[in-house]
Every structure is written in structure tokens, then in C-alpha cells.
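A.B. asks: If you want the building blocks of each chain, they are given just below.
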Amino acid sequence: MILVLADPTDRLAVDLMTRLERSGIAAHRAGPDNWNALRFSWELPGEVQGHVVCGDRRVALNEISGVLVRALPVVTGLSYKETDDEYLLMEWNAALLGFLKALPCPVINRPRPGRHFRQPLLTAFAPALEKAGFLLPDLLVTASPQEARDFLRVNPTAMMVPPDGESRRLESGVAPPLPSCLIAVPDGAHWNVIIVGQQVFCTQPLSQLLSRSCVAAMQALELGFAALSVISNSGGDWLIELDERPRIESLPSSVRSPAIDALAALLKGKRP
Amino acid sequence: MILILGGLVDSIVAHIVHRLTDRKVPFLIADPRQFGQTWMLTWERRGGVFRAWLTQAGQARSLDDIRSVYVHEATAEMQDAPLSSNEVRWLLNSFIENTPMRVANRLSATATNFSKPWQQQVIAAAGFVTPRTLVTNLPDAAREFYGRCKRRVIYKSVSARRSIVQRMTDADLERLDLLAAGPVQFQEWLPGVDIRVHVMGSQVYATEITTEATDYRYSGREEKGRTMSGITLPEGVSENCVQLTQALGLVSAGVDLRRMPAGKYCCFEVNARPAFSFFEQYTGQRIADGLIDALLT
Chain A
18 MILVLADPTD
28 RLAVDLMTRL
38 ERSGIAAHRA
48 GPDNWNALRF
58 SWELPGEVQG
68 HVVCGDRRVA
78 LNEISGVLVR
88 ALPVVTGLSY
98 KETDDEYLLM
108 EWNAALLGFL
118 KALPCPVINR
128 PRPGRHFRQP
138 LLTAFAPALE
148 KAGFLLPDLL
158 VTASPQEARD
168 FLRVNPTAMM
178 VPPDGESRRL
188 ESGVAPPLPS
198 CLIAVPDGAH
208 WNVIIVGQQV
218 FCTQPLSQLL
228 SRSCVAAMQA
238 LELGFAALSV
248 ISNSGGDWLI
258 ELDERPRIES
268 LPSSVRSPAI
278 DALAALLKGK
288 RP
Chain B
-16 MILILGGLVD
-6 SIVAHIVHRL
4 TDRKVPFLIA
14 DPRQFGQTWM
24 LTWERRGGVF
34 RAWLTQAGQA
44 RSLDDIRSVY
54 VHEATAEMQD
64 APLSSNEVRW
74 LLNSFIENTP
84 MRVANRLSAT
94 ATNFSKPWQQ
104 QVIAAAGFVT
114 PRTLVTNLPD
124 AAREFYGRCK
134 RRVIYKSVSA
144 RRSIVQRMTD
154 ADLERLDLLA
164 AGPVQFQEWL
174 PGVDIRVHVM
184 GSQVYATEIT
194 TEATDYRYSG
204 REEKGRTMSG
214 ITLPEGVSEN
224 CVQLTQALGL
234 VSAGVDLRRM
244 PAGKYCCFEV
254 NARPAFSFFE
264 QYTGQRIADG
274 LIDALLT
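For the record, the sequence lines run as chains A and B.
Heads up, the first sequence is in my numbering, so the first residue is 18 and it goes up one at a time.
Heads up, the second sequence is in my numbering, so the first residue is -16 and it goes up one at a time.
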């Protein structure tokens, strides 16, 4: 059985489950709409023991061949006036982190408490990413309007990452909300690359060197599935963003379909 | 030079500042609750080089001379501040996570305590005995575990949210249906003597706690007595505590052990933000000095 932790509207998860069901593989989903859809019992220490209950079916943990993690319980805007719902989400989050660490099957991607690969936290992984063959762009994290203006004067095409949002290009002449992380985006060819295991998917042909760098970066960060945003120029390959839970519905089916096939193969416990 | 991110209103921070002053160790203190009002922090990575600076009264001060950082998160909501608590936390966390300086402790290391069963697997890998544990939202599984452990079971939160450890009783069997709301962690109760070990870098300070209470931190609520005294651990156990602290990426930690009747040591969890001054009061151990030594290493 394959376990999918995802929102019911997550197109990638829906497509994957449809594909699995068509090939006769059972998949069970739980997610932010109802974490209690995952009923489980799990014991430690030692070898993983326990089971999950899916509908009226009881599945031993060692019968789970793979887990796709697209969502985890997250408390946003944690306040000191914590509600029961927030407390329960924290408990769910903690239980799933432990549970997913213990499972011996592929967990894509296996979460670790407090570890994030989105900007600006990629800086912490600079040595591993540089060893994989990537350059990291200059960035500034500031709450100062003057410092932000100075950075944008030198890097007019910068991207920004606000505390609670997705990275995005800055509109010319518009001041970024602060604090923010501002990222210098070099000129060059832009690639959006999807990596599943050791397979690389892109709308345009990639050089072998860049493909190898993408796979090496994934291995260094212990990821099985991610999207990389890369810019290549005469200076080298610049890793602009890494998304370990990418949305791929906007990609052409020539990329999306084989990527989902590769994901299904990984979760079935087979190498693609 | 040591940078302290914390407010003097916090007793641990005040205590460390007192020891730094006494030892004439240069330090800089910045209270996150004042961020955006009296000071700001900026960091950059340019040309592969990390740099950070503080701005106070319009003057930027480079942090190039800072060797290490001690972090004690703001413990109160920001009031009437230009930035929200979450915005300040995001910026400061990005700094402490990315800076090449020695940090006690980085968020990614502190977060290993956010999931007790996650951390327990690292503890077991470090060679400690860990208690038989069940995490479940299934009433029948909890009932079966209670019977299998001969009714000697405690329960507590799965996350880092502080909870009072409770002994499970037959009366609790009646309310196991509440598990449908979310998972709970059950553990086999083990007899023995509680020991809190504070690891500061490579230095170890062990305190033995004798009490009849289920959770020694709340012995008063159970109207049970409590005595605490500094002890020396067997060398192998001390080494294990240091190795475990390092394996979790921590510089300072509070390791919760129990010495069982057969002499083996069971480890329950590792606290990444230990309130060590409480233990100093009872034992006279110079744990803050150990932390300062670790930050100067």
C-alpha cells in the first residue's frame, strides 16, 4: 500500500493516486482536511511495529511500500494564546515526523524537524550544493528600506521571498514588503527542472553536467523529489530556488506524465 | 565576542550576562522584543561570503568580530511594534540557521525536540536504552499496550509542548475514545532515579533528583518531596551524553536520564533549551560557565 499525505486538491497527488489505482495498487490519503483519516498505531524502539487502519482494512507498517509527503500538519502564526486545534496540529506534526522517520520504505520526501530548503535557508547548505556543482546567488535579508533599495539598485531584477510567502519577481519600482530576503538573479538561460530519484525532467534538453549536478544536489540533501530553478551562464549554474513539494500541474504532459510515473515507481519500492 | 539574542527580563539570559560580566568576557546583547525599535539585524551572502551587521541609532555595527551566538527566543508577543513576532522570528531564525558562527542552539538542532518520537530514534541510535513507546490514535492499541506493560504506563505530549507526565490508570481506559481527536504518546513506566544531565560543549553536569512524583518538575502539585544533588556519571554515560548532544547538532542540552535498578541508564529526551539555572541553585554547579566556555571554544 502507498500512503499519500496531501491536500485533496493537490493535483499531483490526485493524478498519482489515479494512476496507482488503475494499476491495482492501493493508496490511502490523509491531509489537512482530515488528519484523523490516518488512524495508526506505532511502537518503538527496535524494528518498526504497528499498523494503519484504512477504512475497514488493517495494514501492517512493513506492508507500506512508500509514502508521498505533500503536506504535514503545520501551525501557522503560532501565538501564545494557543487553541486546542493548534495544540492538536502540533501533536499531529510531531507524531508524523517520528512515524515517517521510522518507516523503512521510501518516504518522499522524508521530513526532518526544523529543516527547510526554501530561500533564504539554502545558504546553510551552500557547501553541499557547491560541491554538487552549483553556485548560489547573492542575497540580502533585511528589514531596512534603505538597505533593500541599495540592493535593488545594484540588482534591479532581484527576486524576493517574504516571511510568509512564495518567492516572486519584484515589480520594477515597487518597494518590497519588509522584512524580506532579496535574491540577485543573474542573466542567463533559465531551467525549471524536476528530479525524481535519479531521473531528471525538463521541458528543454539539459546538459549532462547540469543533470548530474541536479541529482548530486538531491542526494546531498537526501531528497527524492524536488523542483530546481536554475540559471546557467558563463559563470556556471546558479541554483535560485529549490522546492521539495513542487506543483507540476502547469508543466506540459510530456514532462508531468513521466515524472508522475517515476514517482509511482519509487513509491512502489522500485527504482525508476 | 559573544552575541546574545535574548532579553534581560529572562532569568537565564540575566544569569549568563552576570557571569560574562564577572568573567570580563566581551558580549553584545540584543533583545528580539526590541527589534525594529532600537535595533535591526541584516545579513547577506555576497560572493560566497557571509556577513551580518546590527544597526542601532542609524549606525551599522559589523558582526565580523562575533565568535558565537547564544539564542534565547523572545518569550512574549511583541506589542505595538513595527514588525510582528513572526516576522522578527523569521529574520532572526534565518540568521542563526545560516551564520557560520557557533550557535547555541540553531533552530534545526532545537527542532529535534519538536517531535519526541523522532528524537527518541536518534537517542536509541546513540546507544541509550529508551522506553517502550506507543504512539497511536487507536483506543484498542492503547488498551492493549497498557495491558502488555502490566498497567505501568505513563502518557505525555508527542510534541515539544510542555505537558505534565501522567501515570495512566484504569480510569483512563474509559476515555480512550478521545484519542480519535489526535495521537498520544504512551510509554512503559520504568523504575529508577531521575538524572538531569546538562551538556555544555564537552562539559557534563549531572544532577540526581530523588522524588516519589511521576514528573519531578511538578512534585509540588503531587505534594511529594524532592531532593537534588550534583553527581558524577560513569565515564561511558557522560561520553554518550556528549555524543548524543553533538549528534543532534546541539552545543548545549539538558539530557533526561533514569538510572534503572540494574544500573543501566535509560534516556527519555534531550531538551534543547534547558532551564539550567534552576539546577544550579540546588547543586552549586557552574553550568553557565560551562556554556560560556563552550561558546568561547
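Calculated from the structure, these hints are not laboratory results.
For glycine and all other residues, C-beta sits at the position ideal for the given N, C-alpha and C.
Some hints could be false.
[To be verified] Examples of chain B residues lying across from chain A (beta carbon under 10 Å, computed):
(1) LEU24
(2) TRP26
(3) ARG72
(4) ASN96
(5) PRO100
(6) ARG115
(7) ARG144
(8) TRP172
(9) PRO174
(10) GLY175
[Stated by the list, open to error] Which bits of chain B does chain A cover? Going by a derived footprint, with three or more residues having C-beta under 8 Å, they are:
(11) -4 to 9
(12) 153 to 165
[Said to hold, decoys possible] Straight-line alpha carbon distances no greater than 20 Å define the calculated EDC-like cross-link-like pairs of lysine to aspartate or glutamate that follow:
(13) LYS247(B) / ASP276(B)
(14) LYS139(B) / ASP260(A)
(15) LYS139(B) / ASP101(A)
(16) LYS247(B) / GLU191(B)
(17) LYS247(B) / ASP272(B)
(18) LYS139(B) / ASP198(B)
(19) LYS133(B) / GLU171(B)
(20) LYS207(B) / GLU191(B)
(21) LYS139(B) / ASP102(A)
A.B. asks: Find the hints from earlier in the document that the structure breaks and name them by number, from lowest to highest.
C.D. replies: 8, 9, 10, 11, 13, 14, 17
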